[in-house]
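Protein chains in written order, with this note's numbering: chain A, 1 to 142; chain B, 143 to 284; chain C, 285 to 673; chain D, 674 to 1062.
None of these hints come from the bench; they were simulated from the model.
Among the clues, some could well be false.
[Unchecked claim] So the derived list for chain C, only partly shown, Cβ under 7 Å to chain D, looks like this: (1) Val306; (2) Asn319; (3) Tyr324; (4) Thr325; (5) Gly513; (6) Ala522; (7) Leu654.
All C-beta atoms, glycine included, are put in the ideal place defined by N, C-alpha and C.
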Amino acid sequence: MYSDKVMDHFMNPRNVGEIVDANGVGEVGNAKCGDIMKIYLEVEDNIIKDVKFKTFGCGAAIASSSMATELIKGKTLEEAWNLTNKAVAEALDGLPPVKMHCSVLAEGAIHKAINDYRIRMGLEPWEDNITDLDDHHHHNNE
Amino acid sequence: MYSDKVMDHFMNPRNVGEIVDANGVGEVGNAKCGDIMKIYLEVEDNIIKDVKFKTFGCGAAIASSSMATELIKGKTLEEAWNLTNKAVAEALDGLPPVKMHCSVLAEGAIHKAINDYRIRMGLEPWEDNITDLDDHHHHNNE
Amino acid sequence: MEQKRLIYMDHAATTYTKPEVVETMMPFFTEQFGNASSVYTFGRKSKAAVETAREQVAKAIGAKSDEIYFVNGGSEADNWAIKGIAWAHRDKGNHIITTKIEHHAVLHVCEYLENNGFEVTYLSVDENGLIDLDELKRAITDKTILITIMFANNEIGTIQPIAEIGKIARERGIIFHTDAVQAVGNVAIDVEKMNIDLLSLAGHKFYGPKGIGALYIRKGIKIENLIHGGGQERRRRAGTENLPGIVGLGKAIEMATENLEEHNEKIRKMRDRLLNGIMEKIPYTKLNGHPEKRLPGNINVSFKFIEGESLLLMLDQLGICASTGSACSSGSLDPSHVLLAIGLPHEIAHGSLRLSLGDLTTEEDIDYVLEVLPKIVQRLREMSPLYED
Amino acid sequence: MEQKRLIYMDHAATTYTKPEVVETMMPFFTEQFGNASSVYTFGRKSKAAVETAREQVAKAIGAKSDEIYFVNGGSEADNWAIKGIAWAHRDKGNHIITTKIEHHAVLHVCEYLENNGFEVTYLSVDENGLIDLDELKRAITDKTILITIMFANNEIGTIQPIAEIGKIARERGIIFHTDAVQAVGNVAIDVEKMNIDLLSLAGHKFYGPKGIGALYIRKGIKIENLIHGGGQERRRRAGTENLPGIVGLGKAIEMATENLEEHNEKIRKMRDRLLNGIMEKIPYTKLNGHPEKRLPGNINVSFKFIEGESLLLMLDQLGICASTGSACSSGSLDPSHVLLAIGLPHEIAHGSLRLSLGDLTTEEDIDYVLEVLPKIVQRLREMSPLYED
Ligand SMILES: Cc1ncc(COP(=O)(O)O)c(C=O)c1O
Ligand SMILES: Cc1ncc(COP(=O)(O)O)c(C=O)c1O
Ligand code: FES
Ligand code: FES
Chain A
1 MYSDKVMDHF
11 MNPRNVGEIV
21 DANGVGEVGN
31 AKCGDIMKIY
41 LEVEDNIIKD
51 VKFKTFGCGA
61 AIASSSMATE
71 LIKGKTLEEA
81 WNLTNKAVAE
91 ALDGLPPVKM
101 HCSVLAEGAI
111 HKAINDYRIR
121 MGLEPWEDNI
131 TDLDDHHHHN
141 NE
Chain B
143 MYSDKVMDHF
153 MNPRNVGEIV
163 DANGVGEVGN
173 AKCGDIMKIY
183 LEVEDNIIKD
193 VKFKTFGCGA
203 AIASSSMATE
213 LIKGKTLEEA
223 WNLTNKAVAE
233 ALDGLPPVKM
243 HCSVLAEGAI
253 HKAINDYRIR
263 MGLEPWEDNI
273 TDLDDHHHHN
283 NE
Chain C
285 MEQKRLIYMD
295 HAATTYTKPE
305 VVETMMPFFT
315 EQFGNASSVY
325 TFGRKSKAAV
335 ETAREQVAKA
345 IGAKSDEIYF
355 VNGGSEADNW
365 AIKGIAWAHR
375 DKGNHIITTK
385 IEHHAVLHVC
395 EYLENNGFEV
405 TYLSVDENGL
415 IDLDELKRAI
425 TDKTILITIM
435 FANNEIGTIQ
445 PIAEIGKIAR
455 ERGIIFHTDA
465 VQAVGNVAID
475 VEKMNIDLLS
485 LAGHKFYGPK
495 GIGALYIRKG
505 IKIENLIHGG
515 GQERRRRAGT
525 ENLPGIVGLG
535 KAIEMATENL
545 EEHNEKIRKM
555 RDRLLNGIME
565 KIPYTKLNGH
575 PEKRLPGNIN
585 VSFKFIEGES
595 LLLMLDQLGI
605 CASTGSACSS
615 GSLDPSHVLL
625 AIGLPHEIAH
635 GSLRLSLGDL
645 TTEEDIDYVL
655 EVLPKIVQRL
665 REMSPLYED
Chain D
674 MEQKRLIYMD
684 HAATTYTKPE
694 VVETMMPFFT
704 EQFGNASSVY
714 TFGRKSKAAV
724 ETAREQVAKA
734 IGAKSDEIYF
744 VNGGSEADNW
754 AIKGIAWAHR
764 DKGNHIITTK
774 IEHHAVLHVC
784 EYLENNGFEV
794 TYLSVDENGL
804 IDLDELKRAI
814 TDKTILITIM
824 FANNEIGTIQ
834 PIAEIGKIAR
844 ERGIIFHTDA
854 VQAVGNVAID
864 VEKMNIDLLS
874 LAGHKFYGPK
884 GIGALYIRKG
894 IKIENLIHGG
904 GQERRRRAGT
914 ENLPGIVGLG
924 KAIEMATENL
934 EEHNEKIRKM
944 RDRLLNGIME
954 KIPYTKLNGH
964 PEKRLPGNIN
974 VSFKFIEGES
984 LLLMLDQLGI
994 CASTGSACSS
1004 GSLDPSHVLL
1014 AIGLPHEIAH
1024 GSLRLSLGDL
1034 TTEEDIDYVL
1044 EVLPKIVQRL
1054 REMSPLYED
């Protein structure tokens, strides 16, 4: 089901944890749906010096968190903002179609953390076109 | 499916053939339904001196013909008339339920042959309460 | 009489599972038994085996593997195809076209649908068992939602012009299902070239296991489920996957289609020798079904003046397994609807015999049947009041 | 970490076929393959084997053998029972009573029937998963034609008061079906004493083959067919008999019921040791299902703050096969309807784990799971934003 890369990032996730004095924090998801992702950023001079995550969710969600945090570490905020969920999934050697939304969570959490930082800094938050992340599941009974 | 007795009478049927100068002949059944039974009697002094049959039909029909002719050979006409299909089936150690009607054919053919004899002799035919033997099959499509 | 041994001439009913197939199945009973729908590696291995089998089935009929759905057998495939299409398209129309010579798994479904508001046209066939394509065209109405016509007939072996039927259906935009339960492993099939939209097959007819089959459903065809429940078979057929069965089906269909032509050639030769011998040696005998367009292993003949069950019983006493279209043999009391449809009178239909050859058949079997069958027919005729020498 | 080996704790999903069962099946693949519905001796031997299996199944549940119909599995049995009764009795009423915790093979059939003019009452269950008999009584109306309530639940293992339900149904003259797919081989069943009118079972849950099951239908109960076609199974279920499967089912159910109590005792002991160990070693853990009225091999627990699929994946990395009621694991995105029905909040339901023990389970397995499970749960909790140490 999952690629070796996914399994590696799931079994040995990078950047797990909290940053106590983070200056940007973003959380998306919904415990009801079985997934919450929280990203902690330590930004300095527009650069992501450190990043950590905590995730409640499936294997793909954990692996996406791990990979996404790896990909934005050391990057500028603009670069981090432009990281798409597709790029995360590709870096993981792909995700099963039903699991693509788990990588969307990662993109969303990063956006939220960046905007949290921007607001703290007194900046205009960037416009986020990922919507409804806190209830992204289509609850159907079939 | 069939008892050993049935198989014996089917594989080695007794009294197969015709009696050229029979004085009583009875035929029942219908080729459309896949069964015709014809019984030839040679009656002397009210006794069935000889009996033969020809049957187009299933294994049970052939075995019933064989057994029935055996059972009436040397008997009086009254005795032969009173041979029931049940007695034929029992003598064969039983017949499968769906095959009971094949033994009814034998009873019917004997009755017809006896009445044929009685009519030839100028006697009143006996009343036969087996009816509709020539189309006894319930044609259902299930 | 002769010494008794097993001469199996009822391959069209069912046959053995090839040892190679059984061997492929074995690990899936006791070792690799994990649920194919589970998350863990052990289950995913089962899943992989299921998907390999799906590809094998797809390849054999020219389909894509995501168009193959595993079911329990031919009857379920036919039921699902016909009811599923009927219910899913009833807003478009309530008319179905089929033939008079379908297997009961099609006919009884059609009758069931007739009792539930559908109208069914039963196409007649000619004396060889072939439908008339013009009659088919004329039968199509605005309300026709499904044409279901069998690929090859199980009793008389006649093979229909499936590609032509497919073309007609496609041109008129009507869904086309074919019951190919008898055809798979005997005839080359290509659902693309033949414009087939749904196709039923059953493992036990081509040396695969019993209790497994498949329905091919062309991508995009709307169909209602027959067995509701869990999400197996991409939510279209509920039930824990029959893992050994599926693996065996895949293996068997691969083997059956790999050397289809050589195999058929061999069977056809024996069949022709047997058939010619019967026709020569036994008078008052009629061949049923098409002389050329027929399944390679199929013989269906009617012997006048005798009845089929008693014939089968005598053959059985000599170790020969065969079947008949006579009423008395099947618990039902009517002669075969197929034989009546090709115009046989009842009394002739009752005297019919189907010998279906296959993998187990040997030249010695042919010799033996040719030796004993004429004698048996003669014996029964001598008992028959219809026969005058 | 530890060396990887296979710790199979998903017996409730499916399990292996016992070697003794496979052995009984073997001759029916390659040697005794004759069609059970044929006339000849070779086929009648197959028929005899089918009838022996029918008796074995009947005996195991206290039925008569002519009340047993072979089908393809649990899902087909459930579909047939419920649709068959619904359609056959729709003139009497259109109301069906079931529960919120049925298997999808029952629930989705009920939903299908709701879309086709039936009304269905879904009884709720208490926190242990038991229905309320008074609620059942109150739910019955003049239009109620069927009560279908599962014998034992596949997720949380809760066993319903079947005899009491049967009594209520009988008193009110309502047909009672029970999905006993999880119960057979684990609980003593007597359809007579329990007033059960229809009962579904599936071979692969009690070490029989996959792809075979049975529906018990009490004599005299009117039911419509699900699979139309040939006259097999006394005209109630069309399709060439799955001979090896049927024979295997018979053998397996005989073995499973012969020493039911000893077997259960052994499994229950291991289960209790495992369960107690989990509850002791892992904080924030809740047992789901009834503490006593539960299947002997079933454990279902919820670990707060974590999600089930990731738990399964980690277990899988250590060779442990288990299952969860979490959305993300099944392709569907909802947590188990059963866990919600017993009142678990969504986020807790997502963190549930089912370990189902069986024949393959050893004391070493228990030790191993007790060693690694707490560590895994702890690791996942440490990753979880919901968890505060
Ligand atoms: C309670 C219950 N009912 C029905 C089924 C369906 O059985 P099968 O998967 O054999 O069709 C299952 C098994 O998954 C089950 O546990
Ligand atoms: C043409 C045809 N269709 C359908 C079937 C039914 O298949 P099964 O018996 O495997 O359900 C058969 C076999 O008996 C058949 O020959
Ligand atoms: S003669 Fe018709 S079934 Fe026996
Ligand atoms: S987080 Fe819900 S499926 Fe991955």
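For each hint, the structure was consulted:
no. : hint   : in the structure
1   : Val306 : holds (5 Å)
2   : Asn319 : holds (4 Å)
3   : Tyr324 : holds (4 Å)
4   : Thr325 : holds (5 Å)
5   : Gly513 : holds (3 Å)
6   : Ala522 : holds (4 Å)
7   : Leu654 : violated (19 Å)
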